[in-house]
Every structure is written in structure tokens, then in C-alpha cells.
Amino acid sequence: MSAPPASTQSPRFEPRSILTWFQRNNVVALVLLLLLFVAAVELLKPGTVNPVWLSNTLLFAAPLGILAAGQTMVMLTGGIDLSVVSVAMGSAFLMTTTALKFGNLTAVAIGLGLGLVVGLINGVGVALLGVQPLVMTLGTGLMTQGIIIVYSQRILASRSIVPDFIHAIGSDRLGIIPFDLFLWLPIAALVMVVLKQTGFGRLLYAIGDNSEGCRLAGVRVWRLLLIDYVVCALLASIAGFVLVGHTNSADLSLASTYLLPSIAAVIIGGTSIFGGRGGYSGTIIGALILTVLDGLLTLLDSPEPIKQILYGAIIFTLATAYSRLTA
Amino acid sequence: MQTTISGHPATRASGISNDVQPANAGLGLVDRIKGVFAHQRALIGMPALLVAFLAATVAIHPTFDSFDSQSVAMAALPLAFAAAAQAVVVISGGLDLSIGSVMAVANVLAASTMRDASFAQSLLLAVAVLAAGAMVGAVNGLMVIVSRVPDVIVTLTSGFIWGGVALLILEKPGGGAPEEFLHLGTGTVMTEWLSNSLILLVLALAAIWIPLSISKTGLRIYATGSDETAAFRSGVNVKFARLSAYIVSGLFSAIGGLGLTMTTGIGSPRAGVLYTLSGLAAVVIGGVSLTGGRGGIVGPVIAAFVLTLIPADLIFLNIDPNFGQVIQGTLIVLVVMAGGLMASMRKAK
Numbered sequence: 001m002s003a004p005p006a007s008t009q010s011p012r013f014e015p016r017s018i019l020t021w022f023q024r025n026n027v028v029a030l031v032l033l034l035l036l037f038v039a040a041v042e043l044l045k046p047g048t049v050n051p052v053w054l055s056n057t058l059l060f061a062a063p064l065g066i067l068a069a070g071q072t073m074v075m076l077t078g079g080i081d082l083s084v085v086s087v088a089m090g091s092a093f094l095m096t097t098t099a100l101k102f103g104n105l106t107a108v109a110i111g112l113g114l115g116l117v118v119g120l121i122n123g124v125g126v127a128l129l130g131v132q133p134l135v136m137t138l139g140t141g142l143m144t145q146g147i148i149i150v151y152s153q154r155i156l157a158s159r160s161i162v163p164d165f166i167h168a169i170g171s172d173r174l175g176i177i178p179f180d181l182f183l184w185l186p187i188a189a190l191v192m193v194v195l196k197q198t199g200f201g202r203l204l205y206a207i208g209d210n211s212e213g214c215r216l217a218g219v220r221v222w223r224l225l226l227i228d229y230v231v232c233a234l235l236a237s238i239a240g241f242v243l244v245g246h247t248n249s250a251d252l253s254l255a256s257t258y259l260l261p262s263i264a265a266v267i268i269g270g271t272s273i274f275g276g277r278g279g280y281s282g283t284i285i286g287a288l289i290l291t292v293l294d295g296l297l298t299l300l301d302s303p304e305p306i307k308q309i310l311y312g313a314i315i316f317t318l319a320t321a322y323s324r325l326t327a
Numbered sequence: 001m002q003t004t005i006s007g008h009p010a011t012r013a014s015g016i017s018n019d020v021q022p023a024n025a026g027l028g029l030v031d032r033i034k035g036v037f038a039h040q041r042a043l044i045g046m047p048a049l050l051v052a053f054l055a056a057t058v059a060i061h062p063t064f065d066s067f068d069s070q071s072v073a074m075a076a077l078p079l080a081f082a083a084a085a086q087a088v089v090v091i092s093g094g095l096d097l098s099i100g101s102v103m104a105v106a107n108v109l110a111a112s113t114m115r116d117a118s119f120a121q122s123l124l125l126a127v128a129v130l131a132a133g134a135m136v137g138a139v140n141g142l143m144v145i146v147s148r149v150p151d152v153i154v155t156l157t158s159g160f161i162w163g164g165v166a167l168l169i170l171e172k173p174g175g176g177a178p179e180e181f182l183h184l185g186t187g188t189v190m191t192e193w194l195s196n197s198l199i200l201l202v203l204a205l206a207a208i209w210i211p212l213s214i215s216k217t218g219l220r221i222y223a224t225g226s227d228e229t230a231a232f233r234s235g236v237n238v239k240f241a242r243l244s245a246y247i248v249s250g251l252f253s254a255i256g257g258l259g260l261t262m263t264t265g266i267g268s269p270r271a272g273v274l275y276t277l278s279g280l281a282a283v284v285i286g287g288v289s290l291t292g293g294r295g296g297i298v299g300p301v302i303a304a305f306v307l308t309l310i311p312a313d314l315i316f317l318n319i320d321p322n323f324g325q326v327i328q329g330t331l332i333v334l335v336v337m338a339g340g341l342m343a344s345m346r347k348a349k
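Chain order of the listed sequences is A and B. Each residue of the first sequence is one higher than the one before, counting from 1 in this note's numbering. Each residue of the second sequence is one higher than the one before, counting from 1 in this note's numbering.
Treat the hints loosely; a few may be bogus.
Covered stretches of chain A, as calculated for chain B (at least 3 residues, CB under 8 Å) [to be verified]:
1) 34-43
2) 146-153
3) 257-271
4) 312-319
Here are some of the chain B residues that sit facing chain A, going by a computed Cβ distance under 10 Å [to be verified]:
5) Phe160
6) Val165
7) Ala166
8) Leu317
9) Gly324
10) Val335
11) Ala338
12) Gly340
Please keep in mind that the hints were generated in silico from the structure rather than gathered at the bench. These numbers come from a predicted model, not from an experiment. We treat Cβ as the ideally placed atom computed from N, Cα and C, and that holds for glycine.
The following block holds chain B by itself, in its conformation from the complex:
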């Protein structure tokens, strides 16, 4: 695949980045963290959008209370992880259309094994489910790398396969988990406003994403997504970078699946289906470039909350919540069309 042509622009580009590499490696931790923020322009815009939506929600529904805030946080939990899972793969230059199915696998695995477990056992099982999710992600990544078939096709078929696996584990919605385990997603801490699911979300994302984005692997993922050839010539193992992105994606999907178990209390083999496309929508709205190499997971995660608030607002407005999907689709179309318009105007200048 990688042919060597002397004088190819990519060679020269990689030469430059080779020179830059040692300087980069000497950067302090603070500079690296700064670099991470520079990657995430959405960090400024997305919170503003969320605040606007929250303000609108309170305006529409003045009696917005702690219960409403809890239910929004609970509903956003699986979608936020689906968005994070998709974002990692998109940043690496790929696309994962199997996320919903992987979430379903984790969801039914948890619900079918935790049914009669104690709380301690259920935590152990949760770790096992996470490991299984990472493994499923690894299989997806290997399928993409080994087959050399485009990501879209591979993950579309693997999504089909994992959907079958989920059905195999649990044919009909059922199963369960111990009360304390569910409480991790449904309960609150300190005030009625601070839902456990929100804390779980922030902790899990921070525990995985911050070390990853500071690490060399994270840099390699960004580099591969930005320009695979240049990254390859700079000595990045692009195959491994893509594989690690899929593994992290599988891990996030599994957490999302566990979140589904916590918030619904059961396992359902078809529950994840919707999250594939909604997660991708959150990624697009959250400012991650689908061409790869740009963006972070904070934007998509906040976008997931915005997308969750839309149907909630519709219910408060006494409008059919099914319009939520229409709005979600329209929002994607408008966002990408506006982006395209701006790009073509910039070109015309």
C-alpha cells in the first residue's frame, strides 16, 4: 500500500515532521495538555450550546426540578458513551457503525450474568464486560486492518454480526442486576441534582481519555487520522494506532452498554440499535471532523446531552417526541451544510 516515490509531497511533509518530532518529545506536560485543548475548538462552542439548550428547557418548563435533571442525565449516559466511542475512531480516520451492536452485547452480557449476583460480584462482572467490550473492539479493528476493506463496510457487517451475538446471549429483553449496581446509574450524590450517572460519565471519560490523549498512543491516533501516509513515514505504526482506537471505542461502547443496564435495569438485545446513528450525529454536531485527526470527545459528549434535551423539550412542549429524530436529522444536515458552505466561501475568497 505504501509506495516510495521520491519527491512525493508526503515524503517531504514527513521529513519536516521528523525534524519536529524530537522537539515535540521534549514538551512539558503543561504544553502537552495545552496541545490537547488546541485540538478541541469545540470546548468553547459546545458548552455554550448546551447552556443555551438548558436555558431554553428551563424557560419551556419552569418547574424543571431535580427529577428532570436526573432523567436527562440518565438518558444521556448511553448516548454520551456512544458518541465518545465514535469520536475516538473518527479521530483515527475511521468510522464505526457497529457501536450500537457492541453496546447491546455489553448490555445483555451484564443483564444476563448479573441477575442473581451480589453487588461485589456484579462489579467484577462489570469489569469482565468491559474486557469483553475491548476485545470486541479489537476484533472490529483487526477486521478493518486485515481485510483492507473500508471501515464503513467492515463495521456495517460486524455490527450485523454483533447484533446476532447479542440475540444469541439474550433472545428477549430480560435479565437484571443487583439494586446497588443499578444505583450507580440511577442514584444521586450529595444533592438531588447531581445524578450518579453524571459522575460516572465524567469519571469514566476522564480516566480513559485524559491519559490516552496525553500519551504517545493518543498522539499516534491523531497523527494517523490526520494523514496516514505522513504518520507512517514518521515512524508511526498506523495499524496499531487504528487498532488501539477501535479497542478504546469498544471499551467506551461497553461502558455505554453497562449504562443501559443501569438505567433500564434489564438487558435488551435490540436496545443499542439507535445509538449507532445518534452517536455519529453527536460526533458531527460536536465538531469532530469526519476526515479524521481533528476534534476531541468533549464536544461529542456535550452534543449527546443537547440531543437528549431535544426530545425532552418536545415532551415539555406537548409535541410528539418522535419529532426528535426529525430534528436530529435536520440538525446534522444543517450543521454539515453550513460547514460546507463556509468552506466553499473560504475557497472563493
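Here chain A stands alone, though its shape is the one from the complex:
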């Protein structure tokens, strides 16, 4: 299962060397794939690809990109977080329902508070007790979703509002630049710098590669994992805010539709589910590819079931091609 040592890969025949080059520069391959999808959109309906379309694509991709940022950081350590969508939905719902009563900023803090709590529970389970991330986050996800459903039946839906600035972030534009890009770009830059340039980030890779080795080398693995899961949940909360700013109402059913994309964006982006390999730049392209793909399927004007089948099949094909290319 583990990757072969790099030294065995270097001498190859001519056609292989192109593949090898793509393996090393997977972001380039991903950008080419993205351009392919964009070309398909343009071919299908000439004139679609214009600045407004581009702006829309970025607007739609931002919440997914932010959601997948946390997922990337968790997957790099060899984990997975299935609770991100429940946290995103729950934070957004808490925020919109408390905004009228406590004021906007407090509401945002309450929303982030949910992310913090769930992230801490995930972190304690995974980092301190050594529970498998999949089960742990599955449990906390179910818990969060259940609490929010119970809560939603206890409050009056009419008393929920989306604060103006959240709505602006999720839906408005400056010229053709979507506002949520101003949130996504700094987050993206921060995540990339943290992952590549700081000790914390590099240790996340190291843990994904060999957690036991890290522990023996004196790394406090549990502390890093705990922080990692908290950061992931907080990013999910922020993604939830952007999402609710876009849809303008906290929809509890949103969670199920975002689970697959939030993981697929990371996988397509080249981060290994076994950890230690990948990065956020790939995930960004992955999120863009999924967003363009979604638009492409909408353009095809096919009924919802067909769209769903095609979406799943394409994600599966991409993931397969990717694992073949990198394995």
C-alpha cells in the first residue's frame, strides 16, 4: 500500500517519463484536467465561459474549498473527518437562529463555538484515545446532526436571520470578484504556508507518513492531532457561514449533499487518504474541478438521477486514474 521509494522511479522509458513528470507535478496535471472540463463547458454551450461565469464558479467553489481545507489537513495525517458537513450545517444554523437575539458577532462566535467543541471531541478521541478517525467523526457527526435537528424543532424558524455581512460574503461581488474570495484567499494562503513552511505543517506530513516514528522521535503527536482536528472543525464552521450566506437560509439537508464533494475534492487534489502526501494547492483545483463538473452536468440538462450517477462515476474515474498514476 505504501509508496515505493522515490529512487526506484527515476530511470524510465520515454513515454513513462511524461507520466513520471506528471506524478511529480500533479498540480499541473490537475490544472490541465480543469481546463479540459472548462473546454467541455464551452463546447457544450459556446459563449458560456466568460468573466461572469468565472466569477460564479469561484463563488460556488469557495465554501467547498474552505470545507476541504480542513479535510486536507486531517487527511494528511492519515485521518478523515466525516463530521465536517454536520459541523458546517450546525454552525450555520446556530448562527442564523441566534443572530436576532444576541447580535451578529456573538452569533458568529456561537457558531464557531460549535466547531470548537466538536473539533475538541474529535481530537480527544483520535489523538488521546487512539480511536479510528472514521468512527470517531462518524459518531460526532451523527451527534451534532441530531442535536441540531432537536434544536431546530424547539425554536421558531421565523426568528432566524442571515446577518447582512454573512449574506454579503456568500453572495455579493466587488465588480466581478466574488466577496467570498476575499475570505477564501487568505485562508488558502494561510493553510498553504502553514503546511509547507511551518514546523507544525511539516509534522502533520510526518505523522501521516509514520506516526509511531514521530512519537519515538519525541514529537507530541497527540497535541498536533488535537490542534489539527480543532482547526478542521473551525474551518468547517466558516464554510458553513459562507454557504448560508449564499443560500440565505440554513438548510438542514445541505449536509448530505456536501459530504462526498468535501472528501472528493481532497482525493482528486492528490492528497493520499493514507496520509503524508498531498497538499492544499491540489485540493483547491479539486474543488474547482468539482464545481465546474457540477455546472457541466447542469448544462447537459439531464434529469437529477442521471446527473447524480454521472457525478459519482466521474469522481470514481478520477480517483481511480489518480491512484493508478501515483501508486
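Add chain B to chain A, keeping to what the hints say.
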């Protein structure tokens, strides 16, 4: 994927199991069945938990009568099969997040074709649905094996695809099945307390699981889940073992889907969604190790009944049954955290 490194611990381990193999093959049927029970520690703990929950239910709701017992058995039927389906795949070292969607496919297939069928026809159609379920399971298994993408990702996407297929078959909840067919799940035999669904559950599980767990294929599934490399070196066709686990999972999911048709009387393309995660919860609570190779299906099936009793108890207590999901999630978290705590304490000793 399988590289040969001399002196690798796995090689030595497989050497040992190679020596053991002939001795094992000579075991009598009784010993083999004993071995099956040894695999299932949960056989002791889980019934106790169920009895405790049943006692609590009766204490909360003293007028617990045959009608209540029937409704619990009916509600537990699809979840129990979802749990069994998940357990088989987990034992083989995989994970199936598409079970709910496969159940939905079976559910709508049955409801849309059986609508105007006679009872005899509906039974034939049920067999066809089971075959379709096994085929869907085979496709899942092939996708996992051929793509070499981790099970979680593959079944997450295939679940998406099968969900689309279910919508394609039946866009809105509808369809139906002949009265006698529904009676298989909703009726009772002998006493009012013994629901048909309970008998159906026990018969179907026994008919599939007992032969499987005694057979070589069952042993191969356990071996593959326990240590894929060692199993491979011992001559087990691990790909086939994983494939067969997915096929059995598809079959169980299809029975669960038929159970949904029987108990609800209609087909609904989105009815299965909840069962993926609840089934996995039952597997975790039922004592099947997610690392594979350990546990059986009896624990998860009993856990499915416990998970069904929770919302029922909440209703009897006049508490919002939606707390059921909260409790279910909390229960998973507590169970796995306790397991982790015990493991780390054992290590510290």
C-alpha cells in the same frame, strides 16, 4: 502491491499459518462451529445489553404489549440487515458506505415491479431483487478491487451512483406489493408476540451466515480482514475474498430493502439513506473491530435492535424521538472512546 522481502515478519507469519493450515483443515464440524463462536465474543455481551434495554422498555412502558413488540421487530428489520451487510464487509477489512443506497435500489425495484403482481409472482420478483442486490454488491467489490482506491472513497461515490439509480427507477415514493407479500414482514405467527419479520430475519441470516462462516470462503474473508499480506502468502485469493464479502453485503442490503418494502408497503428512493450510518453504528456497538478480521454478525444485529429500542423508549418517555440520533451518535463516541481508553491502559501496564 505484494513485494517479496525475505525475512519480512509477514513471511514468517505466513509460514507458520501454512504449517497450521493442514491441521486446521482436518477439524471436525463441531470444532469449526466452536471456532465461529470464539470469533464472536459479542455473543455473550450483546444479548445481555438487549435484555437490559428490553427490561428498561417494559419498566418505562408497563403496558408494553404484542403490538409494541411487533412494531419494534418491524422497525429493526431493515436496520438489522444493514448492520449485517456492513459487518461482513468490515470483517473482510473493508467498509461499505453504499449500503443505504443499495437498500433503496432493492426497495424501489421491489415496489415498482410488484405493484400489480400476484403473490407467487412477487416471490419470484423478490428472488430477482436479491440477485440484483448481489450483483450491485459485486459491482461495488469490483470497483474497490480494480481501482485500488480505498473502500471509503469508492463506496462513498458508488453510494452516490446507486442513489441516482434508485431515483431513476422510482422518482417519487410510490409503488406497492401484494398484501400477502407485505404480510411476510408485518404479520405474526402462532402468538401475537412473534412477528413474521423476526422469523424472516433469523431465517435469512441463518441461511446465509451459518453456511458462509463455516465454509472456506468465510475463513478466507476472516483471514483477509485479519492480515491481508499474511492471507495472501498463505495462498488465499484475497481479491476474491473481498469480492465475496461485498457480494454477501449486497445480498443482505437487498433483503433489507425488501424488508423496507414489506414494512412500509411502498418504495421510496431516499428511504435507505439513514441506514448506512445507523448500520455502521450497530456494527461498532456490536463489537466488530473496524480493523477487520474480528467479530460476527450476531452482535451487530442485536445492536440494531438496541438502536431501534432507543427512539421507541424516548417516545414512551414523552421525549422527542429525534434525541435518538443524538443518543446513537453519543453511544458510538462513548463506545469507541472507552475501547480506546482500555487499549491505551493495557499498553501502559
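Are B:Leu317 and chain A close enough, Cβ to Cβ, to be under 10 Å, as the hint says?
-> 14 Å, violated
If you take the shortest Cβ to Cβ gap from B:Val335 to chain A, is it below 10 Å?
-> 8 Å, holds
Residues of the stretch 34-43 of chain A with Cβ under 8 Å from chain B, three needed, outcome = violated (count 0)
Would you settle whether the hint for B:Gly340 is holds or violated, based on the nearest Cβ-Cβ distance to chain A being less than 10 Å?
-> Holds, because the Cβ-Cβ distance from B:Gly340 to chain A comes to roughly 3 Å (cut-off 10 Å).
Mind checking the CB of B:Ala338 against every CB in chain A and telling me if the closest is under 10 Å?
-> 9 Å, holds
Within 8 Å of chain B (C-beta), three or more residues of the stretch 312-319 of chain A | holds (count 5)
Quick check: the stretch 146-153 of chain A, covered by chain B? Criterion 3+ residues, Cβ under 8 Å.
-> holds (count 5)
Is the hint on B:Ala166 kept, meaning its closest Cβ partner in chain A is under 10 Å away?
-> Check passed: Cβ of B:Ala166 comes within 8 Å of chain A, closer than 10 Å.
Okay, the stretch 257-271 of chain A and chain B, do three or more residues pass the C-beta test at under 8 Å?
-> Holds: 5 residues of the stretch 257-271 of chain A have a Cβ under 8 Å from chain B.
Does B:Val165 pass the interface check with chain A, least Cβ-Cβ distance below 10 Å?
-> Holds: closest Cβ of chain A sits about 6 Å from B:Val165, inside 10 Å.
Tell me if B:Phe160 is really an interface residue toward chain A, meaning its C-beta lies closer than 10 Å to one of theirs.
-> 4 Å, holds
Going by Cβ atoms only, is B:Gly324 closer than 10 Å to chain A?
-> 7 Å, holds
Consistency with the previously given hints fails for numbers 1, 8, ordered from lowest to highest.
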